[in-house]
Amino acid sequence: MGEFIVTTSIVETQSAGSLKVHVFENDGSGAATDDVLLGTIVTVHPWSTLGGSEHNTVGLAKAIVRKSRWRVVTFQLMSRFAAYGILTSHSYEVQQITDVSLWASTTFGPKVVLLGSSAGAPFAGS
Numbered sequence: 001m002g003e004f005i006v007t008t009s010i011v012e013t014q015s016a017g018s019l020k021v022h023v024f025e026n027d028g029s030g031a032a033t034d035d036v037l038l039g040t041i042v043t044v045h046p047w048s049t050l051g052g053s054e055h056n057t058v059g060l061a062k063a064i065v066r067k068s069r070w071r072v073v074t075f076q077l078m079s080r081f082a083a084y085g086i087l088t089s090h091s092y093e094v095q096q097i098t099d100v101s102l103w104a105s106t107t108f109g110p111k112v113v114l115l116g117s118s119a120g121a122p123f124a125g126s
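Take the sequence shown: its letter number 23 is residue 23 in our numbering, and every next letter is one higher.
Please note: incorrect hints may appear among the correct ones.
[Stated by the list, open to error] Below, computed lysine-lysine pairings styled on BS3-like, alpha-carbon distance capped at 27 angstroms:
#1 Lys20 / Lys111
#2 Lys20 / Lys67
#3 Lys20 / Lys62
#4 Lys67 / Lys111
#5 Lys111 / Lys62
Since the hints were made in silico from the structure, they are not lab data.
Working from the sequences, and respecting the hints, build out all of it.
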C-alpha cells in the first residue's frame with residue numbers, strides 16, 4: 001500500500017452542532033487496481049477531561065490506511081463539563097459518535113467499524 005490523502009467534511013450532530021471530520025484514504029499508490037476498500041473505521045478518542053483529543057487517533061488512522069484497504073474517519077469528540085470530577089452525561093458524547101457513524105454509513109456504505117482508543121473504547125461500545 002502507499003501513502004494517504006485526507007479530506008475534511010462537516011457533520012451535523014444532534015448534541016454538539018457541527019463537527020469537523022477528517023477522512024483518511026489510501027491514495028492508490030502501490031495498490032493493485034482490483035483492491036476494493038473493506039469499509040470505514042470511525043475512531044473514538046479518550047474523553048477530553050482525561051487529555052484525549054482527535055490527535056490521539058490520527059497516528060493510528062495513518063498507519064491503518066497505509067497498510068490496509070480501510071478508510072478511517074477521525075473527529076474531535078466534544079465533551080460536557082465535569083461536575084465534582086464526574087462526567088455529567090455520556091449520552092452527549094455517544095450521540096456524536098452515533099451521528100458521525102451514521103454519516104459515514106450514508107456517505108461511504110454500510111460497512112462501518114468503531115475503533116475506540118483507550119478511554120474512547122467504552123464510548124465506541126455504547
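Status of each hint after checking the structure:
1. Lys20 / Lys111: holds, 21 angstroms
2. Lys20 / Lys67: Holds: Lys20 and Lys67 sit about 25 angstroms apart, inside 27 angstroms.
3. Lys20 / Lys62: holds, 18 angstroms
4. Lys67 / Lys111: holds, 18 angstroms
5. Lys111 / Lys62: Roughly 19 angstroms separates the two Cα atoms, so the pair holds.
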